[in-house]
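Engineer: Could you put the whole structure together from the sequences, leaning on the hints where they help?
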Amino acid sequence: MSDLEMEDFDLDFSPQLPDKARPPLWYYDADVAQSYKSIVDVALVAFEKKLAFTRGLKPGRTVKIKEWKLVAATLNKAAGLNEGHLRNKDRRDVLRTVEFIGSLNTRLEAAIKARSLSNARPSATERKAAYSALLEKYRKLEQIKLSEYAKAAFEQNMADRLASQNHSYVSLFQQNNRLLENNAKLDEDVERLQGKLVEAYEEISRLKDQLRTKFQMKVAE
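Under numbering that gives the first Met the number 0, the sequence shown has 210 at position 211, and the numbering climbs by one with no breaks.
Accuracy of the hints is not assured; some may be wrong.
[Stated by the list, open to error] When the alpha-carbon atoms are kept at most 27 angstroms apart in a straight line, the in silico BS3-like pairs for lysine-lysine are as follows: (1) K68 / K127; (2) K144 / K184; (3) K65 / K76; (4) K127 / K144; (5) K63 / K76; (6) K76 / K48; (7) K19 / K68; (8) K112 / K136; (9) K49 / K76; (10) K36 / K65; (11) K49 / K112; (12) K65 / K19; (13) K19 / K49; (14) K49 / K68; (15) K19 / K112.
[Claimed, not checked] Listed next, with one range per pair, are the computed distances between beta-carbon atoms: (16) K57 / A152: 33 to 41 angstroms; (17) A109 / A152: 48 to 56 angstroms; (18) I143 / I64: 46 to 54 angstroms; (19) N165 / L196: 44 to 52 angstroms; (20) K88 / L140: 44 to 52 angstroms; (21) R138 / A72: 56 to 64 angstroms; (22) K88 / K19: 24 to 32 angstroms; (23) A29 / A72: 24 to 32 angstroms; (24) E108 / K57: 18 to 26 angstroms; (25) N181 / A219: 51 to 59 angstroms; (26) E66 / Q33: 23 to 31 angstroms; (27) I64 / Q33: 24 to 32 angstroms; (28) K88 / V44: 19 to 27 angstroms; (29) L140 / K57: 15 to 23 angstroms.
Calculated directly from the structure, the hints in this document are not laboratory data. Glycine included, C-beta positions come from ideal geometry on N, C-alpha and C.
Structural biologist: Next up, the structure:
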């Protein structure tokens, strides 16, 4: 792969600062003549001015090509060189410098087109499509809200039913405990009555024995 092909991968701008241009890599080579470096320096300054100019344009303002485009002859003159300094494109340094200027012009042209698109008034069809898209988003939002409301209502209903069931279970448990307590008291009462009944039978038996003994004593007399 040649040096020129390698330079196709050289960015003339910083990815972190896309609006800030920088010199190409070959600019820092020791064998590059100062004249080409001077043209690059002038081109970078002119690029920033042109870019600021395009951003400051008012909507509807028509821009001529010469107002935003970088011209090699003008850059040569600004660098103190002959206007035809970059004519011989067979020379490696000339070709690289021209390509660098072209890359800056491509970015300026993209800025002009982006400005034109941002200032363009949408057509009736575009406005209708945008309204339809907005309406569809609103409907989806309403569906989401209804779905969330239904989910919340269902969860609340289930919570109420569970609370009611828990209350019923507690009530039944309490009633069962009371019945058990009552049964225990009844059992105690039955045992107590049975004890008294036994005592009564014993007392009756004792009285019978006394009567029988008295009767026998009288008969013996």
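Engineer: If a hint holds in the structure, say so; if it does not, say that too.
Structural biologist: Cross-check of the supplied hints:
Of the pairs offered as hints, the one joining K68 and K127 is violated, with about 37 angstroms between alpha carbons and a cut-off of 27 angstroms exceeded. The suggested pairing of K144 with K184 is violated, with an alpha-carbon distance near 60 angstroms, which exceeds 27 angstroms. At most 27 angstroms may separate the alpha-carbon atoms for a hinted pair to count; K65 and K76 meet this at roughly 16 angstroms. Restraint check: the Cα-Cα separation between K127 and K144 comes to about 25 angstroms, which is no more than 27 angstroms; the hinted pair holds.
The hinted pair formed by K63 and K76 meets the criterion: a straight-line CA distance of about 21 angstroms does not exceed 27 angstroms. Restraint check for K76 and K48: the C-alpha separation of about 17 angstroms stays at or below 27 angstroms, so the hint holds. Between the alpha carbons of K19 and K68 the distance comes to roughly 17 angstroms, so the proposed pair stays at or under 27 angstroms and holds. For the hint pairing K112 with K136, the CA-to-CA distance comes to about 30 angstroms; that exceeds 27 angstroms, so the pair is violated.
A threshold of 27 angstroms between alpha carbons decides the hint, and for K49 with K76 the separation of about 17 angstroms falls inside it, so the pair holds. About 23 angstroms separates the Cα atoms of K36 and K65, which keeps this hinted pair within 27 angstroms; it holds. The suggested pairing of K49 with K112 holds, with an alpha-carbon distance near 14 angstroms, which does not exceed 27 angstroms. A distance of roughly 22 angstroms separates the Cα atoms of K65 and K19; the hinted pair therefore holds under the 27 angstroms criterion.
Restraint check for K19 and K49: the C-alpha separation of about 12 angstroms stays at or below 27 angstroms, so the hint holds. Using a Cα cut-off of 27 angstroms, the hinted pair K49 and K68 holds, with the two alpha carbons roughly 8 angstroms apart. About 18 angstroms separates the Cα atoms of K19 and K112, which keeps this hinted pair within 27 angstroms; it holds. In this structure the hint that K57 and A152 lie 33 to 41 angstroms apart at CB is violated, the actual value being about 55 angstroms.
Look at A109 against A152: about 54 angstroms separates their beta carbons, and that is inside 48 to 56 angstroms. Here the CB-CB span from I143 to I64 is close to 51 angstroms, well matched to the stated 46 to 54 angstroms. Our hint of 44 to 52 angstroms for N165 and L196 holds, since their Cβ atoms are close to 46 angstroms apart. Between K88 and L140 the beta carbons are some 59 angstroms apart, a value that contradicts the proposed interval 44 to 52 angstroms.
In this structure, R138 and A72 meet the distance hint of 56 to 64 angstroms, their C-beta atoms being roughly 60 angstroms apart. With their beta carbons about 28 angstroms apart, K88 and K19 fall inside the hinted range of 24 to 32 angstroms. A29 and A72 have their C-beta atoms about 28 angstroms apart, which keeps the hinted 24 to 32 angstroms range intact. Roughly 19 angstroms separates the CB atoms of E108 and K57, a value that falls within the hinted 18 to 26 angstroms.
The given range of 51 to 59 angstroms is respected by N181 and A219, whose C-beta atoms sit roughly 57 angstroms from each other. Look at E66 against Q33: about 30 angstroms separates their beta carbons, and that is inside 23 to 31 angstroms. At about 30 angstroms, the beta-carbon gap between I64 and Q33 stays in the expected band of 24 to 32 angstroms. The hint said 19 to 27 angstroms for the Cβ distance between K88 and V44, and at roughly 23 angstroms that hint holds.
Distance hint check: the CB atoms of L140 and K57 are about 37 angstroms apart, inconsistent with the given range 15 to 23 angstroms.
The earlier numbered hints that this structure contradicts are 1, 2, 8, 16, 20, 29.
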